[in-house]
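> Chains as they are written, first to last, in the numbering used here: chain S, 460 to 710; chain C, 928 to 1222; chain V, 284 to 604.
Hints are not guaranteed to be accurate.
[Unchecked claim] From the structure, some residues in chain C lie toward chain V, with a derived Cβ separation under 7 Å:
1) Gly1023
2) Cys1032
3) Ile1036
4) Leu1085
5) Trp1089
6) Leu1091
7) Met1202
8) Leu1204
[Claimed, not checked] If you only want the chain C side, here are some residues facing chain V, beta carbon under 7 Å, derived:
9) Phe964
10) Leu1011
11) Arg1015
12) Glu1022
13) Gly1024
14) Ile1027
15) Ser1144
16) Ile1155
17) Val1187
18) Val1190
19) Trp1193
20) Leu1196
21) Phe1197
[Stated by the list, open to error] In the DSS-like style, the derived pairs of lysine-lysine whose C-alpha atoms are separated by at most 30 Å in a straight line are:
22) Lys560/V / Lys1042/C
23) Lys1050/C / Lys458/V
24) Lys651/S / Lys626/S
Simulated from the structure, these hints should not be mistaken for laboratory data. Cβ coordinates follow ideal geometry from the N, Cα and C atoms, glycine included.
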Amino acid sequence: MNALLRVEQLRKAFGGLKVTDEVSFSIRPQEIAAIIGPNGAGKTTLFNQITGQLPPDGGRIRFEEVDLVGRSPQDIVRLGIGRSFQIASIFPDESVRDNLLAACLSRLNQTRRLWRPYTSHLQAGEEAMAILASLGLESQANRPAYELAHGDQKLLDIGIALALRPKLLLMDEPTAGMSPEERQRTRTLIKKLWQEYRLTLVFIEHDMDMVFGIAERIFVLNHGRLIAEGAPESIRANRDVITAYLGEETG
Amino acid sequence: MDFAFLATQMVSGFSLATLLFLNASGLTLIFGVGRIFNFAHGSFYMLGAYFGYQVSAVWGLPFWPAILVAGAAAGIVGSASEYLFLRRIYGRPHEGGFQILLTYCLILIFDDLVKMIWGSEYKSIAKPPGFLGAVQVGDVFIPTYNLAIIAVGLLVVLAAWWILSRTRAGRIARASAVDREILGCLGVNVPLTLTVVFGLATALGGMTGALAAPLRSVTPGAGIEIIIDSLIVVVLGGMGNFWGAWFGAILLGEVNAFAVAFVPEWSSLFSYIVMVLTLIFRPEGLFAPARIRKA
Amino acid sequence: MDLPRRYKFGLLWTAGLLVFALVPLLMTSRYQMNLAGHILVWGLFAVSFNMLWGVTGMLSFGQALYYGIGAYSVGLLVTRVGAAWFFPALGIGLATAALISLLVGLLVIRMTGVYFTMLTLAFAQLAYQVTLKWRDLTGGDDGIQGIIPPGLLADKTFYYYVVLAVVFFSIWVLKRMAYSPFGLVLRCIQQNPERVRFIGRSVRMNQLRIYVISSLFAAAAGALMAGMDSSIHPDMLYWTTSGEVILMSVLGGINRFFGPFIGAIVLILLEDVIGAKTEFWPIVIGSVILVIVILFPRGVVGEAQHLWSRFRGDSSQRSPA
Ligand SMILES: Nc1ncnc2c1ncn2[C@@H]1O[C@H](COP(=O)(O)OP(=O)(O)OP(=O)(O)O)[C@@H](O)[C@H]1O
Ligand SMILES: [Mg+2]
């Protein structure tokens, strides 16, 4: 089976704390998968290693048969891995549109240009508007990003990642800090984006409705170890998972 | 080159290193505890020297008490500056830039104030009685005042070591990752702590200035050279790294002492050359892990 | 009046150009023309510096290094080799500034925050010390006098118009740059460097690029100044020179493209008025900037625009940085 992303025996420790402990898994093209696990399980750290922010202590990460270990985040992004963050990572003083324009211009390799106004690049402009439309943020286009509501900032963060047309999109807790209604909306939106942009999507999430509602496969991390993976039904039934994680959640 | 000459330079390098270290440790202290970069730290050094001059040469207080008074006075000015100005910009976005700006303004103000009060001629303080001569070891003559400076430096190092490793305040200060929020969570009265620590740090600078005054004449504007030297020390050793700063100071002090002896004309360049070489070959500093410097 | 931005800008631009163009005609004294020339050159220096600080968030305390390189290239070649070398000297100055800023930049952009600031300061002080000590080449603290540009340029009024043209052209170029895709990336770097890497752009590479570009314009300003004053001095490389452009930028406002230029006008005029009355000019400017930093962090231009937009009930203003 040809995997898009293949992680093999990945290891990372902070001092004595093993945050990634011999983790191996692979992601198939076009799938939508979730990574779950209790707080501090090492989920974000796993993303950080895939995206080149943290060097792993050992193991391999291959994306379309390219070895990612040792590459810089910007290289990895340009290979086709986009990322959104647990805490929305945006450009606060720029308008919502310019946030997206920056990403579109970067994808189009236009950021070295220093003469024409960035607002006059037609293709980037169209792409940015298209993403605004998919996110439902058209009405906010001209507001500075820091003025957006928390939930909209999270969406904008996702939008910036989408603007890069990634083959693989990693989302770190897309609904963190959202109200129940916002969660509901975001869940539908993410599913829609996944279909619309024909993405391969891996998201970290604590919201179980979202995890079991839209993920085709689920990976469970606990204390840095991958303790289970499989379809939602099998995870729901998995004893280890129930004791390690779901037990606490469902009471 | 005979041994006596080398040894003399060596000792003079050590006393210079001590002064550099004392001053740089003030800079490091307030940065370590409060993440405040005091660009005007050198100006407090200069203020201390002038206070020392005023108290000992003009008012006739004996030398050693005068040093302490000078340090305390510089510390009071420091605390006041923190209380009146710096604390108004804490927590702003881009606070680091504003800290540099604000303390830059303090440099401009203090330099001119000193000129207004004491004029712009050189001022000097006489060495204290009993430390005028030199001791002879073999055929090496070592000025006793230089030895006294080294002794004061060692005393401060010992005191600092004791505070850093034996007291709660020291342990908090030593966890150099602390930021103001964490301090607050530890139940520390943050605004008060910052004012006090800023005062201590500037007092250390002022005391160093007064101590140095008998060796290097005092002029307005001396602050900037000192701050750059201190900064180089800190770059060599790693900001917030107490012991690293000590080694950095010794390295820089010795390099300077020998440069003055061999190529006096170009000696002022050597601090910078050491810094550039360090940056090229050990950008993470000679003694610090790279992580600390990304503050 | 609700003109589109573009026209408003064009109007201001033309008005500014006119005012400066009229100076030699309206002002009778050479002194006042020289003052206007100083404003232009410092304005360019400050605007180019602010591309680093206000736009990209890199507070360099060492731009005097490049200003000095520009000035000494012109000063040395014109006095030692010949007046005809004025333009080649300008080119050589820019090339030298590009090379040095590339080398220094490679070293200093590895550092962030305070370290970056202090290392740029240290490099500039190193250059200052070299200039001071290398008497045979630079004349030490006597500086270099009698720098007379060739031909028509020797005429002060003509030279003023050349300065006017070069400065306005350079600022126009910088303005285009500030609103280009590259400029957008620079602003993004200031606000969230990590995110910039995660849109696939190198933070360091872009920082290095703007460091070199900014230094080139600083060198151009220094070169223009050498010809205008006919004399140069090592103080042009001293840290207070770097401090001056920082003060101008804060005074005018670092979040507005023209803020530093307005700051240059205000600072130079103030210095001219107050500096004539008292030798204690630094304490005055130090106190003024202290108040501005604490109470009006947007600077003159930013604060004025903020008031104006409040007055019009418009809330879509960028935050103070
Ligand atoms: N840079 C670091 N240095 C030291 N420890 C770290 C670092 N980053 C993360 N950790 C620790 O590693 C562990 C895993 O952190 P991680 O952020 O990956 O957890 P997570 O699964 O994303 O949790 P959450 O659901 O709360 O986001 C935690 O115990 C955290 O404290
Ligand atoms: Mg996490």
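> Confirm or reject each hint.
Now the hints, each set against the structure:
1. The interface hint given for Gly1023/C holds, since its Cβ lies 5 Å from the closest Cβ of chain V, which is under the 7 Å cut-off.
2. Given the 7 Å rule on beta carbons, the hint for Cys1032/C holds: about 4 Å separates it from the nearest Cβ of chain V.
3. About 4 Å separates the beta-carbon of Ile1036/C from the nearest beta-carbon of chain V, less than 7 Å, and the hint is met.
4. Checking Leu1085/C against chain V by beta carbon gives a least distance of about 29 Å; that is not within 7 Å, so the hint is violated.
5. Proximity of Trp1089/C to chain V is violated relative to the hint, the smallest CB-CB distance being about 29 Å (cut-off 7 Å).
6. This hint is violated: Leu1091/C has a C-beta 22 Å from the nearest C-beta of chain V, more than the 7 Å allowed.
7. The criterion of a C-beta within 7 Å of any C-beta in chain V is met by Met1202/C, whose closest approach is roughly 6 Å, and the hint holds.
8. Using the Cβ-Cβ criterion of 7 Å, the hint placing Leu1204/C at the interface with chain V is not satisfied: the shortest such distance is roughly 11 Å.
9. Given hint, Phe964/C at the interface with chain V, holds; its Cβ is 4 Å from that chain's nearest Cβ, closer than 7 Å.
10. Violation of the interface hint for Leu1011/C is found here, the shortest Cβ-Cβ separation to chain V being roughly 9 Å, above the 7 Å cut-off.
11. With a least beta-carbon distance of about 5 Å to chain V, the hint placing Arg1015/C at the interface is held under the 7 Å criterion.
12. This hint is violated: Glu1022/C has a C-beta 10 Å from the nearest C-beta of chain V, more than the 7 Å allowed.
13. Interface restraint check for Gly1024/C: the shortest CB-CB distance to chain V comes to about 5 Å, inside 7 Å, so the restraint holds.
14. Using the Cβ-Cβ criterion of 7 Å, the hint placing Ile1027/C at the interface with chain V is satisfied: the shortest such distance is roughly 6 Å.
15. The interface hint given for Ser1144/C is violated, since its Cβ lies 18 Å from the closest Cβ of chain V, which is over the 7 Å cut-off.
16. Taking 7 Å as the C-beta contact cut-off toward chain V, the hint placing Ile1155/C at the interface holds, the least distance being around 6 Å.
17. For Val1187/C, the interface hint is violated, the least distance from its beta-carbon to any beta-carbon of chain V being 14 Å, above 7 Å.
18. Look at Val1190/C: its Cβ only gets to about 10 Å from chain V, farther than 7 Å, so that hint breaks.
19. Interface hint at Trp1193/C: satisfied, since its Cβ lies 6 Å from the closest Cβ of chain V, which is below the 7 Å cut-off.
20. Taking 7 Å as the C-beta contact cut-off toward chain V, the hint placing Leu1196/C at the interface holds, the least distance being around 5 Å.
21. Interface restraint check: Phe1197/C against chain V, minimum CB-CB distance 10 Å, threshold 7 Å, status violated.
22. Of the pairs offered as hints, the one joining Lys560/V and Lys1042/C holds, with about 16 Å between alpha carbons and a cut-off of 30 Å not exceeded.
23. As the CA atoms of Lys1050/C and Lys458/V are separated by approximately 49 Å, the hinted pair breaks the 30 Å bound.
24. Between Lys651/S and Lys626/S the alpha-carbon distance is near 16 Å, which keeps this suggested pair within the 30 Å criterion.
Checked against the numbered hints above, the structure violates hints 4, 5, 6, 8, 10, 12, 15, 17, 18, 21 and 23; every other hint is satisfied.
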